[in-house]
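At position 75 of the sequence shown (counting the first as 1) the number is 128 in our numbering, and the numbers step up by one without a gap.
I should point out that these hints are in silico values taken from the structure, not numbers from a laboratory. Do not rely on the hints blindly, as some may be mistaken.
With a cut-off of at most 25 Å between alpha-carbon atoms, the simulated DSS-like pairs for lysine-lysine come out as follows [unchecked claim]: (1) Lys-126 to Lys-88; (2) Lys-126 to Lys-204; (3) Lys-207 to Lys-126; (4) Lys-88 to Lys-204; (5) Lys-168 to Lys-204.
Label pairs and their computed distance ranges (CB to CB) [unchecked claim]: (6) Glu-79 to Met-117: 16 to 22 Å; (7) Trp-227 to Cys-109: 27 to 33 Å; (8) Ile-148 to Asp-180: 36 to 42 Å; (9) Ser-238 to Cys-109: 37 to 43 Å; (10) Ser-172 to Ser-238: 15 to 21 Å; (11) Asp-229 to Ser-113: 30 to 36 Å; (12) Ser-136 to Glu-111: 14 to 20 Å.
Positions of the beta carbon are idealized from the N, C-alpha and C atoms, including for glycine.
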Amino acid sequence: MSERTPPQLETERLILRLATTEDVPEILRYYQENKQHLTPFEPLRTPEFYTEQYWCCEVSQRLMEFGGDRACKLFLFNRENPSEIIGAANFANFIRGMSYSCTLGYSLAASQQGKGYMSEALTVAIDYVFNALNFRRITAAYIPHNQRSGKLLKRLGFRVDGFCQDYVMINGEWEDHILTSLINSNWQFPD
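Model the full structure from these sequences, guided by the hints.
So, in structure tokens, the structure goes:
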């Protein structure tokens with residue numbers, strides 16, 4: 054698994070790939086410009102999160118996580134301007150053996166909302182995770198008042214599995230979440 058080449062997935066308008074150290078200034082721009090927009094939906098971020106030093110280490114860590122079959126954390130780059138990051142799609146918590154499952158988290162720039170970018174990105178990313186990485190189940194959770202996220206997951210075929218009280222600490226507060234999952238109906242037991 055560690056020999057697998059990191060993906061570069063393409064759609065009509067996007068390129069999805071793991072970040073490199075050359076992307077660090079753009080990653081910082083993305084998170085700084087979207088701080089107010091993302092804060093209600095993400096964990097508390099320390100000031101360190103918004104530094105070049107943090108992201109140089111994080112980029113290396115993400116590459117090791119991919120090589121170690123633990124995660125595939127992709128940024129969404131605008132195809133018309135391939136250095137511009139407009140979002141992220143993170144597949145993490147890889148479990149093999151028992152469930153062949155992972156979790157999905159994502160974000161999109163405030164200026165890019167409502168244009169279909171996340172649906173476009175996740176369609177190709179889910180196909181990669183199911184077919185190239187051979188996962189059977191992807192789980193995703195969303196805060197009940199985040200109906201935009203709920204509608205996106207439903208369009209992608211995710212089914213509601215249940216409700217979890219005080220599931221994840223978001224912006225310093227325990228938040229209830231709706232739990233969803235998508236099953237790979239073509240999953241094959243690995244050789």
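Is it true that the C-beta distance of Ser-136 to Glu-111 lies inside 14 to 20 Å, as the hint says?
At 18 Å between Cβs, range holds.
Is it true that Glu-79 and Met-117 lie within 16 to 22 Å of each other by Cβ?
Holds - the Cβ-Cβ distance for Glu-79 and Met-117, about 21 Å, lies within 16 to 22 Å.
Next pair to validate is Lys-207 with Lys-126; report whether the Cα-Cα distance is within 25 Å.
Cα-Cα ~22 Å, so holds.
Assessment of proposed distance window 37 to 43 Å (beta carbons of Ser-238, Cys-109):
Because 40 Å falls inside the window, the suggested range holds.
Should the hint that Ile-148 and Asp-180 are 36 to 42 Å apart at their CB atoms be regarded as holding?
20 Å, violated
Would you check the hint for Lys-126 and Lys-204, treating anything up to 25 Å between C-alpha atoms as holding?
22 Å, holds
Does the alpha-carbon distance linking Lys-126 and Lys-88 stay inside the 25 Å limit?
Holds, at roughly 19 Å.
Hint consistency between Lys-88 and Lys-204 [alpha-carbon to alpha-carbon, up to 25 Å]
With Cα atoms ~23 Å apart, Lys-88 and Lys-204 stay inside 25 Å; holds.
Should the hint that Ser-172 and Ser-238 are 15 to 21 Å apart at their CB atoms be regarded as holding?
20 Å, holds
Supplied distance hint 27 to 33 Å, evaluated on CB atoms of Trp-227 and Cys-109
32 Å, holds
Would you mind confirming whether the straight-line C-alpha gap from Lys-168 to Lys-204 stays at or under 25 Å?
Satisfied, since the Cα-Cα distance of roughly 14 Å is no more than 25 Å.
Is 30 to 36 Å respected by the C-beta to C-beta distance linking Asp-229 and Ser-113?
Distance hint for Asp-229, Ser-113 holds at roughly 35 Å.
Checked against the numbered hints above, the structure violates only hint 8.
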